[in-house]
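Line by line, the protein sequences give chains F and E.
Take the first sequence: its position 103, counted from the start at 1, is 135 in this note's numbering, and no numbers get skipped.
Take the second sequence: its position 101, counted from the start at 1, is 118 in this note's numbering, and no numbers get skipped.
If you're looking for bench data, these hints aren't it; they were derived computationally from the structure.
Backbone N, C-alpha and C define an ideal beta-carbon position, used for all residues, glycine too.
Among the hints, erroneous ones may be present.
If you anchor each label on the Cβ, the simulated ranges turn out as follows [what the hints assert, rightly or not]:
1) E:Asp56 x F:Asn97: 25 to 33 Å
2) F:Ser116 x E:Thr93: 38 to 46 Å
3) E:Gly58 x F:Val92: 19 to 27 Å
4) E:Pro25 x F:Thr37: 29 to 37 Å
5) E:Ser110 x F:Gly83: 34 to 42 Å
6) F:Glu91 x E:Tyr68: 17 to 25 Å
7) E:Pro57 x F:Gly35: 16 to 24 Å
8) E:Val44 x F:Gln54: 41 to 49 Å
9) F:Ser101 x E:Tyr68: 30 to 38 Å
Computed list of lysine-lysine pairs in BS3-like fashion (alpha-carbon distance at most 25 Å, straight line) [to be verified]:
10) E:Lys80 x E:Lys121
11) E:Lys59 x E:Lys85
12) F:Lys41 x E:Lys59
13) E:Lys96 x F:Lys41
14) E:Lys59 x E:Lys86
15) E:Lys59 x E:Lys96
Partial pick of chain E residues on the chain F-facing surface, computed with a CB cut under 10 Å [claimed, not checked]:
16) Ser24
17) Pro25
18) Gly58
19) Lys59
20) Gly60
21) Phe63
22) Phe89
23) Leu104
24) Ala106
25) Asn111
26) Leu114
27) Gly117
28) Ile123
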Amino acid sequence: NAGVTQTPKFQVLKTGQSMTLQCAQDMNHEYMSWYRQDPGMGLRLIHYSVGAGITDQGEVPNGYNVSRSTTEDFPLRLLSAAPSQTSVYFCASSYSGLAGGGTGELFFGEGSRLTVL
Amino acid sequence: EDQVTQSPEALRLQEGESSSLNCSYTVSGLRGLFWYRQDPGKGPEFLFTLYSAGEEKEKERLKATLTKKESFLHITAPKPEDSATYLCARMDSNYQLIWGAGTKLIIKP
């Protein structure tokens, strides 16, 4: 059971470099999202998608791009890395998102730790 | 401003010593309240969803309760393996989650 897979687990960038964090899920989930987690703060939503071809901004979208060309994949692109983007990034998915009712359970990947120098 | 506040920030208990974690929020008309567990170096893992004041959910040594303004996660006779950071979150008007900063729970044998 792969669940939600994130790559890479660790990455060090220099200011101004770009990169893509990969997220893939094998549960046929329609909803996928990206969060960042910083010390002493709650998880903050960056972008989310309710299905292939549909994306929307979360609380902290600036400096990040997403696309959703398939149900399985939801990559997060950092356009020009800044030290303020040093964080742990989590991808999460669910069958229908929270609007679908039920438990609303989100399945998380193990995280990608990014350091921007 | 919509906020979710968790207290305490950290809690150290002896094995078998029961206690409660608090999650409070400032918005009225709660759409849903969620509890997750996070182990070091891992992603959060779902525990409970509560939708209505008075609702309770249980799983092993954990019980979550909900009022109009706050939720409690009660831990009964905890074991060292219950050590983790416990996160709560509420659903906003866009059906997305607003998260608290978490309570780090340490259970000493």
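Hints and how they fare:
no.: 1; hint: E:Asp56 x F:Asn97: 25 to 33 Å; in the structure: holds (30 Å)
no.: 2; hint: F:Ser116 x E:Thr93: 38 to 46 Å; in the structure: holds (42 Å)
no.: 3; hint: E:Gly58 x F:Val92: 19 to 27 Å; in the structure: holds (23 Å)
no.: 4; hint: E:Pro25 x F:Thr37: 29 to 37 Å; in the structure: holds (34 Å)
no.: 5; hint: E:Ser110 x F:Gly83: 34 to 42 Å; in the structure: violated (20 Å)
no.: 6; hint: F:Glu91 x E:Tyr68: 17 to 25 Å; in the structure: holds (23 Å)
no.: 7; hint: E:Pro57 x F:Gly35: 16 to 24 Å; in the structure: holds (19 Å)
no.: 8; hint: E:Val44 x F:Gln54: 41 to 49 Å; in the structure: violated (34 Å)
no.: 9; hint: F:Ser101 x E:Tyr68: 30 to 38 Å; in the structure: holds (34 Å)
no.: 10; hint: E:Lys80 x E:Lys121; in the structure: holds (17 Å)
no.: 11; hint: E:Lys59 x E:Lys85; in the structure: violated (31 Å)
no.: 12; hint: F:Lys41 x E:Lys59; in the structure: holds (11 Å)
no.: 13; hint: E:Lys96 x F:Lys41; in the structure: violated (30 Å)
no.: 14; hint: E:Lys59 x E:Lys86; in the structure: violated (29 Å)
no.: 15; hint: E:Lys59 x E:Lys96; in the structure: holds (20 Å)
no.: 16; hint: Ser24; in the structure: violated (13 Å)
no.: 17; hint: Pro25; in the structure: violated (14 Å)
no.: 18; hint: Gly58; in the structure: holds (7 Å)
no.: 19; hint: Lys59; in the structure: holds (6 Å)
no.: 20; hint: Gly60; in the structure: holds (3 Å)
no.: 21; hint: Phe63; in the structure: holds (4 Å)
no.: 22; hint: Phe89; in the structure: violated (18 Å)
no.: 23; hint: Leu104; in the structure: holds (7 Å)
no.: 24; hint: Ala106; in the structure: holds (7 Å)
no.: 25; hint: Asn111; in the structure: holds (8 Å)
no.: 26; hint: Leu114; in the structure: holds (7 Å)
no.: 27; hint: Gly117; in the structure: holds (5 Å)
no.: 28; hint: Ile123; in the structure: violated (17 Å)
In this structure, the hints that do not hold are numbers 5, 8, 11, 13, 14, 16, 17, 22 and 28, in rising order.
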